[in-house]
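Listed below, chain by chain, are the residues.
Protein chains: 2
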Amino acid sequence: MTNALSGVFAPVITPFKTDLSPDLSLFAKHAGWLMGQGAGLAIFGTNSEANSLSLGEKILLMDKLLEHGLDPARMLPGTGACALPDTVALTRHAVDSGCAGVLMLPPFFYKNVSDDGLFAYYAEVIERVASPDLRLYLYHIPAFSGVPIRLPLIERLIRHYPEIVVGIKDSSGDWDNLETMLKAFPGFTIFPASESLLSRALPLGAAGCISATANIQPAAIGRLLASWKAPQAGAMQAQVDAVRQVFQQYPMIAALKFATAHYADNQTWDMVRPPLTSLVAQQKSQLLAELDAIGFAMAGLRD
Amino acid sequence: MTNALSGVFAPVITPFKTDLSPDLSLFAKHAGWLMGQGAGLAIFGTNSEANSLSLGEKILLMDKLLEHGLDPARMLPGTGACALPDTVALTRHAVDSGCAGVLMLPPFFYKNVSDDGLFAYYAEVIERVASPDLRLYLYHIPAFSGVPIRLPLIERLIRHYPEIVVGIKDSSGDWDNLETMLKAFPGFTIFPASESLLSRALPLGAAGCISATANIQPAAIGRLLASWKAPQAGAMQAQVDAVRQVFQQYPMIAALKFATAHYADNQTWDMVRPPLTSLVAQQKSQLLAELDAIGFAMAGLRD
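Residue numbers (this note's numbering), protein chains in the order written: chain V, -8 to 294; chain B, -8 to 294.
Next comes chain V alone, as it looks inside the complex (with noise of 0.2 angstroms):
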């Protein structure tokens, strides 16, 4: 059994107060409206900021996830770290919390790491969590991790962990790597990284999205995935490219962050950590310009 996930996951982005801590109630609330939105929770993703926040503050957060009464089911939390304990400490927290799997980073310092060393780590990390509940998904994010997830790693721990490791989101943005993978292992739970891939990657078996742009447009893209074999699927699909495009002109996490402030009209959303910044006043107006422009905004996030 492996109880895979599908659908529409955020990287839910992480409020900050003006002291730069997290403002833990605003997350709650942010990830209550998405999961209502038929959003799963993403949490402590690249968009999410997770590896600006310490492994205290990550399990603070996902707590009162759970104190608010969401639904570990429909949570998928980033828990890959440089350091193998901090690994091991936040996957087994998700687990312990009943979430439905975990999104592992590789450990990304160290780089031409080799396939033996990756596996080694990944196999640690799952004997010393030790649950027939954990369902690891790997992260392939070259760009940002510098340690890519090649094919005949995906092969050797499908092989060893066939109940654990059960999927992968990839962040490559290689159509070619995505398509690869989908031939290759079709029982695999394979996410792309944004919603612009759905209508080619789902006739070939993607199980939904986990996109950066789905903190903004989290409805719209699940009425794609439930519709893509209709006749208004490619409408539906030039309307989340649209909003895309537009996200995708500017530094996404502030671009992110910005929008929600704005249509949330709560300004704690327009604060990000170092070493990020916030959009300038000039990128404010233009991204709010060119949303107006195509007719878009975020309803029901106000008070």
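Just so you know, the hints here were simulated from the structure itself, not pulled from any lab data. Among the hints, a few may not be true.
Copies of the same chain are indistinguishable here, so a pair counts whether it falls within one copy or spans any two.
In the DSS-like style, the derived pairs of lysine-lysine whose C-alpha atoms are separated by at most 27 angstroms in a straight line are [claimed, not checked]:
1. 102 with 20
2. 275 with 102
3. 55 with 8
4. 8 with 102
5. 220 with 102
6. 20 with 275
7. 8 with 20
8. 20 with 174
9. 220 with 174
10. 220 with 55
Starting from the known structure of chain V, fit chain B onto it as the hints suggest.
Quick look at chain B alone, frame taken from chain V:
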């Protein structure tokens, strides 16, 4: 006052027991040997597998050195992590422990970050640590971090924090970058990352070196540093270069650890944390043969 550091510093290799936990006692003993050979202790460097250690493990390891009676005035721990709270916590612990300085990686997950973002990060760390005793050495190692520390950022940090931001380690391996920095910042404490650059860098004002192979030949590097103007300096440079060149043919950390295991007759050293892997048997015999061929051995490591 800056109390600038100088000389040879070893990014001290970190021993692991068979369960992959750090061997605190062996670490302290080895650090004592390095100090006895004249090396300062750049613990938690790249070659220390620092990014495979949790914050808690690093604090335990640092405390063990102090408990062992080693002088923090010759310690330059690496304290830079991706997450601001982790960097602040370890930096504050180092300052409170009396360490002469800290060597700080930039936050290294997010790429293409702006100098404004990096400046804000360092400024935030400095303001939070809030100690006049902090001496911060930047760490430029783009091949691993993916986040270069460029000259305009250095200039800006020196201008804002002249008593705090006092130096840099340049691990770019790019002579032009090193030479440019040495000429641009004459009062700055600049360490190249290899003893092989000493004869060229010392006349331009380099402070010494922080080098992987300072784990292996600390005394020989120290002699070169003491005699670089003497007639025999060329021969001394050639000698340390020969050793460095042997190690550079292998995965560096695994090679440093295997050589230390061999000369110390202690197999605990021949263990790395995943995602790194130990040398394979053929590499081990070849490395020893090459070291024998140049008459190299480490002495004084056995019980």
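Here's how the hints hold up against the structure:
In the homo-oligomer, the alpha carbons of residue 102 and residue 20 never lie at most 27 angstroms apart, since the shortest distance is 38 angstroms inside one protomer and 30 angstroms across protomers. Taking identical chains as interchangeable, the C-alpha atoms of residue 275 and residue 102 lie at most 27 angstroms apart only when they sit on different chains, with a minimum of 22 angstroms there against 36 angstroms within one chain. Taking identical chains as interchangeable, the C-alpha atoms of residue 55 and residue 8 lie at most 27 angstroms apart only when both belong to the same chain, with a minimum of 16 angstroms there against 37 angstroms between chains. Only between protomers do residue 8 and residue 102 lie at most 27 angstroms apart by alpha-carbon distance; the minimum there is 24 angstroms, versus 34 angstroms within a single protomer.
Proximity of residue 220 and residue 102 under a CA criterion of 27 angstroms is satisfied in neither setting, with 42 angstroms inside one chain copy and 38 angstroms between copies. Taking the shortest Cα distances, residue 20 and residue 275 sit within 27 angstroms of each other inside one copy (24 angstroms), while across copies they are farther apart (56 angstroms). When the C-alpha separation of residue 8 and residue 20 is checked against a cutoff of 27 angstroms, the pair qualifies only within one copy, where the shortest distance is 15 angstroms, while the shortest distance between copies is 45 angstroms. Proximity of residue 20 to residue 174 under the C-alpha cut-off of 27 angstroms is found in neither arrangement, the shortest distances being 39 angstroms within a copy and 54 angstroms between copies.
With identical chains, the CA atoms of residue 220 and residue 174 are at most 27 angstroms apart within one copy only, with a shortest distance of 20 angstroms there and 65 angstroms across copies. For the homomeric pair residue 220 and residue 55, neither the shortest alpha-carbon distance inside one copy (38 angstroms) nor that between copies (63 angstroms) is at most 27 angstroms.
Figure legend: structure checked against the earlier numbered hints; hints not met, in rising order: 1, 5, 8, 10.
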